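*Asks:* Position chain B relative to chain A; hints supplied.
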Amino acid sequence: MSAVTFNESSLKDIMNSPDTTPLPDAATSAPRPAFFPPSGPAFSAAVGKLLRAALPPLLGMALFVLLWQIVSASGGEHGLPGPAKTWESAKLLFADPFYDNGPNDKGIGWNILASLNRVGMGFGLAALVGIPAGFMIGRFQFLSGMVAPIVSLLRPVSPLAWLPIGLYVFKETEPASLWVIFISSIWPIILNTAAGVSRVPQDYLNVARVLNLSEWKIFTRILFPSVLPHLMTGIRLSMGVAWLVIVAAEMLTGGTGIGFWVWDEWNNLNVEHILIAIFIVGIIGLLLEQVLVLIANRFNYE
Amino acid sequence: MHGYLHIDHAKMVFDTKKGKFTALSDINLDVKQGEFITLIGHSGCGKSTLLNLVAGLNDPSDGVLLLSDKEIKGPGPERAVVFQNHSLLPWLTCFGNVYLAVERVFGAKEPKARLKERTEAALDMVGLTHALHQRPNEISGGMKQRVGIARALAMEPKVLLLDEPFGALDALTRAGLQDELMRIVEETHATTLMVTHDVDEAVLLSDRIVMMTNGPAATIGDILEVGLPRPRDRLKLAENPGYHHLRGQVLEFLYQKQLRKAA
Numbered sequence: 046m047s048a049v050t051f052n053e054s055s056l057k058d059i060m061n062s063p064d065t066t067p068l069p070d071a072a073t074s075a076p077r078p079a080f081f082p083p084s085g086p087a088f089s090a091a092v093g094k095l096l097r098a099a100l101p102p103l104l105g106m107a108l109f110v111l112l113w114q115i116v117s118a119s120g121g122e123h124g125l126p127g128p129a130k131t132w133e134s135a136k137l138l139f140a141d142p143f144y145d146n147g148p149n150d151k152g153i154g155w156n157i158l159a160s161l162n163r164v165g166m167g168f169g170l171a172a173l174v175g176i177p178a179g180f181m182i183g184r185f186q187f188l189s190g191m192v193a194p195i196v197s198l199l200r201p202v203s204p205l206a207w208l209p210i211g212l213y214v215f216k217e218t219e220p221a222s223l224w225v226i227f228i229s230s231i232w233p234i235i236l237n238t239a240a241g242v243s244r245v246p247q248d249y250l251n252v253a254r255v256l257n258l259s260e261w262k263i264f265t266r267i268l269f270p271s272v273l274p275h276l277m278t279g280i281r282l283s284m285g286v287a288w289l290v291i292v293a294a295e296m297l298t299g300g301t302g303i304g305f306w307v308w309d310e311w312n313n314l315n316v317e318h319i320l321i322a323i324f325i326v327g328i329i330g331l332l333l334e335q336v337l338v339l340i341a342n343r344f345n346y347e
Numbered sequence: 020m021h022g023y024l025h026i027d028h029a030k031m032v033f034d035t036k037k038g039k040f041t042a043l044s045d046i047n048l049d050v051k052q053g054e055f056i057t058l059i060g061h062s063g064c065g066k067s068t069l070l071n072l073v074a075g076l077n078d079p080s081d082g083v084l085l086l087s088d089k090e091i092k093g094p095g096p097e098r099a100v101v102f103q104n105h106s107l108l109p110w111l112t113c114f115g116n117v118y119l120a121v122e123r124v125f126g127a128k129e130p131k132a133r134l135k136e137r138t139e140a141a142l143d144m145v146g147l148t149h150a151l152h153q154r155p156n157e158i159s160g161g162m163k164q165r166v167g168i169a170r171a172l173a174m175e176p177k178v179l180l181l182d183e184p185f186g187a188l189d190a191l192t193r194a195g196l197q198d199e200l201m202r203i204v205e206e207t208h209a210t211t212l213m214v215t216h217d218v219d220e221a222v223l224l225s226d227r228i229v230m231m232t233n234g235p236a237a238t239i240g241d242i243l244e245v246g247l248p249r250p251r252d253r254l255k256l257a258e259n260p261g262y263h264h265l266r267g268q269v270l271e272f273l274y275q276k277q278l279r280k281a282a
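Chains as they are written, first to last, in the numbering used here: chain A, 46 to 347; chain B, 20 to 282.
Keep in mind that the hints were calculated from the coordinates and are not lab data.
From a predicted model like this one, the values you see are computed outputs, not experimental measurements.
Idealized CB from N, CA, C, for every residue including glycine.
Only true hints are included.
Listed below are the simulated PhoX-like cross-link pairs for lysine-lysine, each with C-alpha atoms no more than 20 Å apart in a straight line:
| hint | chain 1 | residue 1 | chain 2 | residue 2 |
| --- | --- | --- | --- | --- |
| 1 | A | LYS262 | B | LYS131 |
| 2 | B | LYS135 | A | LYS262 |
| 3 | A | LYS262 | B | LYS128 |
Distance ranges between label pairs, derived from CB positions:
| hint | chain 1 | residue 1 | chain 2 | residue 2 | range |
| --- | --- | --- | --- | --- | --- |
| 4 | A | GLN247 | B | PRO260 | 41 to 49 Å |
| 5 | B | PHE33 | A | GLU217 | 58 to 66 Å |
| 6 | B | GLY146 | A | GLN247 | 26 to 34 Å |
| 7 | A | TRP113 | B | ASN104 | 49 to 57 Å |
| 8 | B | PRO260 | A | ASN257 | 42 to 50 Å |
| 9 | A | VAL338 | B | GLN275 | 56 to 64 Å |
| 10 | A | ALA341 | B | ARG133 | 33 to 41 Å |
| 11 | B | ASP189 | A | VAL338 | 35 to 43 Å |
| 12 | B | ASP189 | A | ALA99 | 41 to 49 Å |
| 13 | A | ALA341 | B | PRO248 | 55 to 63 Å |
| 14 | B | ASP189 | A | PHE185 | 36 to 44 Å |
| 15 | B | ALA190 | A | ALA99 | 46 to 54 Å |
| 16 | B | PHE33 | A | ASN257 | 18 to 26 Å |
| 17 | B | GLY146 | A | VAL338 | 34 to 42 Å |
Just chain A, same shape as in the assembly:
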């Protein structure tokens, strides 16, 4: 009997692991007839599938909110604001996102746009420099050997360590924060592009050789399409880094932006707003990632 129990529990473990497609287990499939009466088996199967897909994340979120509530309640008067209080505050905040009362008091919408703008510019510059650099480094062994030690040395540097250099060189905060985003998001682009170029299958290059294609044709028809999936990975990682860094950089440089806003609300001791900012940063990061994943899938030919 004990062997049977063991099998069942290990089976559950496998079913719950993220690599496995969840099978209808007793908890979700048994009540189905009660939930979906005579609407036809195909319909009920579709809804059942949707329910099974949506249930784990919804349950997870519910538990998260519950935990948040417990933590905030246990802190007493000076505890963290609870979910309800934060929600009320968020409704008020997003009722008027685009007000403008001078340089240090702007609506949340303006702050988000300012951060996105900085990320777009810093990241755009990184792509502009990083993609060609990656192609060159991947194509020429000698160049790769030259650049490798520099990249290995600079890549692990914390992004914020670059900020004083930026401030010293540019004498202004705006270009300094662009510089920080640029320097910290350029590495994944360079490295992934270079790896992609050096991994172009020899078969494709042989086709190019047999056809005697011009360098330009080799680039547009073979090299670039072949590298594109790697390039997209680099861009996705880069965008992630840029969005991580911007919040920290803006805390230090001030002015506008979601990072500055967090720091400003900390000075105002408005903890609800800090919690809201964390959600905003998370949601926007998630959206950026998803958009890039969608674009990347478009270029996946396998």
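*Replies:* Quick look at chain B alone, frame taken from chain A:
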């Protein structure tokens, strides 16, 4: 006077981590225009290396290769290759893959409409008109190999080089493609060099079978004149005593004269 394709004392030495490795040595072969030659031998005997020398993908360490009296220096579209693993570009459609080759060879002298016609004609010849706008990952292995053949033929090469083109296919698909290749070669009179390790394929398709010894330093062990009448039909050949005799000779070479060395 030597053959259309003339290989004279070709030698191929590779630099490996363990030192120099002589893959081929003392290869002499003359191929007449329009002839169908197969290279057969055990794996690792350097038959693909020899094909790559003719393709120009590798340069010989010694010796010389001439095609219509001009030395072969580097790859070029007059020696089209059908690769073992089809080597289609996955981001181009079947049409796009063939068009890339057609454009390269004829783009300078012919209008676009003509290039399009050539591409469609090549794909029609291998029976893929219905798959023009599909990508390689949307079609079967046999169809991919047909696109590879269409790409090579569309270039109207002087020499068609095939590197175990049907090696990865199942027996039925393989037989269908062999028949198709026979028909196409008879239509186009292409001079063809094909690497294979399939005895039946070699006898069915070839005018001459070049049998290679085992490496290292592989060379041509024997050349067998096939001489069976064309057009050939695989069903009728099965009843032909000449066919079985030839088949026996190739098998004898591969499994009696060469196997001991390999073991």
